[in-house]
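Line order of the protein sequences matches chains A and B.
Its first residue numbered 1, the first sequence is counted upward by one per residue in full-length UniProt numbering.
Its first residue numbered 1, the second sequence is counted upward by one per residue in full-length UniProt numbering.
Fair warning: there could be bad hints in the mix.
If several chains are the same, the list does not tell them apart, and a pair holds so long as it fits within one copy or across any two.
[Said to hold, decoys possible] With a straight-line cut-off of 25 Å between C-alpha atoms, the simulated BS3-like cross-links for lysine-lysine are: (1) K180 with K152; (2) K152 with K511; (3) K289 with K109.
Quick caveat, the hints were computed from the structure, so don't treat them as lab data.
Note that the structure is a prediction, hence the values are computed from the model and not measured.
There are 2 protein chains.
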Amino acid sequence: MSNSKDAVRKVLDQVKADNRTSLTAPEGKLVCDAYGIPVPKEGVARSAGEAGKMASAMGFPVVMKIVSPDILHKTEAGGVIVGLKTAEDAEKAYETILGNARKYKSDAKIEGVQVQQMLAGGTEVIVGSITDGSFGKLVAFGLGGVLVEVLKDITFRLAPATREDALSMLDGIQAHEILKGVRGGEPVNRNALADVIVKVSQLVTDFPEIVELDLNPVFATAKDAIAADVRIVVDFAYVPKPKPRPTEEIVAAMSRIMQPKGVAVIGASAEDGKIGNSVMKNLVNGGYKGEIYPIHPKAPEILGYKAYKSVKDVPGVIDTAVFAIPAKFVAGALVECGEKKIPGAVLIPSGFAEAGAPELQAEIVEIGKKYDIRLMGPNIYGFYYTPANLCATFCTAYDVKGHAALSSQSGGIGMAIIGFSRSAKMGVSAIVGLGNKSDIDEDDLLAFFEQDPNTNLIAQHCEDLKDGRAFAEAAKRVSKKKPVVVLKAGRTSAGAKAASSHTGALAGNDKIYEDVLAQSGVIRARSLRQLLEFARGVPVLPTPKGENVLIITGAGGSGVLLSDSCVDNGLSLMSMPPDLDAAFRKFIPPFGAAGNPVDITGGEPPITYVNTVKLGLSDERIHSLILGYWHTIVTPPMVFARNMVEVKKEMEAKGFVKPIVASLAGDVEVEEAAEYLYQNGIPAYAYSTELPVEVLGAKYKWARGAGLL
Amino acid sequence: MSNSKDAVRKVLDQVKADNRTSLTAPEGKLVCDAYGIPVPKEGVARSAGEAGKMASAMGFPVVMKIVSPDILHKTEAGGVIVGLKTAEDAEKAYETILGNARKYKSDAKIEGVQVQQMLAGGTEVIVGSITDGSFGKLVAFGLGGVLVEVLKDITFRLAPATREDALSMLDGIQAHEILKGVRGGEPVNRNALADVIVKVSQLVTDFPEIVELDLNPVFATAKDAIAADVRIVVDFAYVPKPKPRPTEEIVAAMSRIMQPKGVAVIGASAEDGKIGNSVMKNLVNGGYKGEIYPIHPKAPEILGYKAYKSVKDVPGVIDTAVFAIPAKFVAGALVECGEKKIPGAVLIPSGFAEAGAPELQAEIVEIGKKYDIRLMGPNIYGFYYTPANLCATFCTAYDVKGHAALSSQSGGIGMAIIGFSRSAKMGVSAIVGLGNKSDIDEDDLLAFFEQDPNTNLIAQHCEDLKDGRAFAEAAKRVSKKKPVVVLKAGRTSAGAKAASSHTGALAGNDKIYEDVLAQSGVIRARSLRQLLEFARGVPVLPTPKGENVLIITGAGGSGVLLSDSCVDNGLSLMSMPPDLDAAFRKFIPPFGAAGNPVDITGGEPPITYVNTVKLGLSDERIHSLILGYWHTIVTPPMVFARNMVEVKKEMEAKGFVKPIVASLAGDVEVEEAAEYLYQNGIPAYAYSTELPVEVLGAKYKWARGAGLL
């Protein structure tokens, strides 16, 4: 590859020397040649025989053109013949062209006849690359032609892309069927096309100054994939983002911040209603067992804790400094934190970049860098880390422990997380406000929670990603171990506009987020409620061992809606083998329907649910169960719920561990039953056939991304 | 048109006489000509001059072909010349073709030279018609070409289609931008294209035996739209569905059934747990004030009501007979109902078509027809009509009165409706089970609830529509007055499969449902929860007077997510005029963001919400408000809620009536606030930025469909 790089470097040096921002077509061809990206073959023949041989070697059809510095209008001179299909034709054409040229200008200096492969047929596709502000180098793939331009049917991956990434791109467009050959068309050579994608992605990675690249069209046939046209735009001033911090370094700092030996509250107050008072109370009432140091210019003690004028006066170790002072005083106090060697500052105050004061924010970022203090915020509610009983926030103390770690860019969303998690008894390991993300951002949290034994799922709300590439790389690693759920706000153009007025962040093209998040194994939530429900439900479910989903329902109508939801959520309804069908039929009334859904019918007693669910759990061909319950007098809601939990436990004891979700149709008593089921490992929803299936679908998405399926 | 019809009739008669199922190309052309559907112009010239004139009249380019019974291989004979672009060329071509023909076969009988318009350029589209089992004649429109075949980008309307329908089809495909001209392409002539659609739809309406028709491709240009190829398939055995009953007749019968003077319970029982016992209790405990007649072979009285051996023994009028006896006894009892002239039978029993006994169902349908008894069910839970305190069901008595009328094809879904409506304090006018729909179906309910003063919204769950056309026609009429919400289960192929195993109903192509429901002004719910939330929320909102939606939020993060939801739900975020922007800025802190969303920021007191919402309600340019609340100590949830309800009332008193919805982010107290807001006319949701916007979006969809916007 080193020769290849040299060749490209030489071309780019010339472009730079010429002060140009784009490459000429021949330069583009040289670059493609250097990286083995196929372009039409060509050569200059100096005899009829040579023309024939050359054409045969290239493959037909070919086009032939006079090469002469004295003939500018080749076509007018009869110097171009297209569509030559045999060696004989090429030989004849050579003579014809030469004859025509001599007739046209008898004294023309003739260097030969160019023989060039003609591209036609096959499927026109586009392979390209763009440079995104957040994600950096991306490779793109789409179909050529006006329709795709209108339908915006294009897919992106981070560059460099692996062969697997590239192949996934071929299936990642809406119109992917085209590539398989339709209406008698040949399928394209997937490997050849993937090869072009991989090479383009490597090229732009090796040469970051290539900020845009278009191969458009690429003719993809059953045989090969050849780029008919190359456009390359360069920006020699482009500087890629610096590499993110090493993971160990992030974890070391975050561990101290999240599990501090001592917490300072800068701006602690004894006065009710003040933020510095709320933070103090939350630390105390939350049950935090480490040292609490109120910092106050005058007070000798606050809420019974000895107060200090400065963090520098505190005798013990401080790991976390929570700021509850106006923006203009933050920088000064932060310097003192640096001198005290405090590793983390939780910057609750607003009044920085979000409020038109970017210079204030730049100042604290500089101080953070200088003293190696990690900054959370500014403009946040603070954070909770329940394993340490730590409520470093001015919101209410939160006490329901669990294993989901959530974060939000926005304070409002943070409050919604708190309310939902309390109401749904979700339990969390952490809730973190990221606000302006002047320093600590989503990838820092990913690194910490990846190794945090108290966390088994990470759910994040964000409006932008400062460094999408660093996030994607962290998420790809972390999601192999723990589900990562992301609600990306500002998905739509209207949402993105609101996002920029909110945080000054330029929201990226949503399709890029969509594809890169998927490439990174992230489960993308489509709504706030989904983020919350996924955070709650996904960790409850065991990992499925396969794709076969079975619906067992008392209500046929629920079965239909649950089936709809399965398709909506990318789940595969198992096609029922005859022996299993017969086995289910033994338990259900003759007018019930086996198959999938198994419709046990509404009038059945609890034992029918029990028998069919037992069978569903014990048969190894079935990997997940969706239950549709119908409230009847014969099987009341809590009877159903208790029976299901018993069956689940009994079968688990026998080694049959499978995800089960439930949809409950009935009168209000089903709400209690749903809660009982949920608390016992069966995500269950009243009056909804879609929510349970969405949660199961999210679990599957994660398991697939993590390579567990 | 009568001449046109005669011409088509003549063609079809010949096809029938020949026992064919499709038309030849010339026959297809005759049919198109009769209905004014443009096909390529053609004629036979008998001189060079005539050829030139003919070609000039048609427009260029033209193709010319020898017409001779003695020359079969025209091309071989040099008898075809394509791409002629001037009158001169056409004249020359005439002579050339004649010369060639004579050379080829000197004694050939030559009738002349055919001059035919050549179609090329423009956009290739498809106009067609299919005959659907439920909807009957449909007209279809899509783009031609392989991509669209793959993407299934096609749209349907009921035939006959109006010009407005036809124009809406041009915007109803995904790739509709193409028709407007992209990359320098000309826009198509929308009127010409709509004209073709309207004519095709009229043709298949006039001749129902045309069961399939394809104009593929139609070349659509800036000038015209010409069908290059016509394919027509006929089925002379096809019989359209009979016209539905007249609306007055439906309403007369349904009114007696829903508001009966007397109800008979056939199979009434004193024994707890029996269906006939539950029905009796529900009638009594539900507070029904009319006569209750238990029917029982032996018992003298049941639950204190005098019992009769047969309905025929009852002295008074019976309007509704509720059946709670096994399937096999239903027919006999139904005959007695007929003899007693009872207008409606509520057939709770199962064991009919759904259980493999279609003959039993056919038998009762025949009896119903013979005696003019309308049949509800069989295989249902019964129905509730709260204005009459009527619980004609074996489920629990339901007592929360309101103005939404819901129905379900499935019993399970019916129970979910009951549970949700009780839990959410939704209140209903009716809940109706339709089950096997042997007779009464969704359009009967539409007709009744249309004129029912107690109902202001109709929400229906269905798996199929027996007569989609009758439903669509009723829905189109009714939705002009009251919102009609439909959850069509079996949307997806997996769902549709479950639907057929459930009711034996063949689920239609979902795209047809999608388009026809939209054409009929129906709000389509995408999930069970959405059906319920729309039923609850849409009637609460006043009808908006315009499309301008404004978001006012305390949480910037909620603002972004609410904006996303607006786009997802087809709502237009008003672009903020400078004067209004300035007016809002007066109320919000300097670091807040005006524009849309108006971000008042999190720390603001109640008065900021009050001032901005007042302004939002009073400015006539704003038509709807979406509120994003952020729980803070300064403005606690119930303070916010009470303030908003007060502002709403105050402004309503001044004549400012606008839809308001709210998203509440905060700790669990927001749940109480959401309920308070909802009960006071502001649909509000805790922990969700999508649900309130979905409800507002549904209101807008209805208002647009009803022509109120």
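Now the hints, each set against the structure:
In the homo-oligomer, the alpha carbons of K180 and K152 lie at most 25 Å apart both inside one protomer (20 Å) and across protomers (16 Å), since each shortest distance falls under that limit. In the homo-oligomer, the alpha carbons of K152 and K511 lie at most 25 Å apart both inside one protomer (9 Å) and across protomers (22 Å), since each shortest distance falls under that limit. Taking the shortest Cα distances, K289 and K109 never come within 25 Å of each other, neither inside one copy (92 Å) nor across copies (111 Å).
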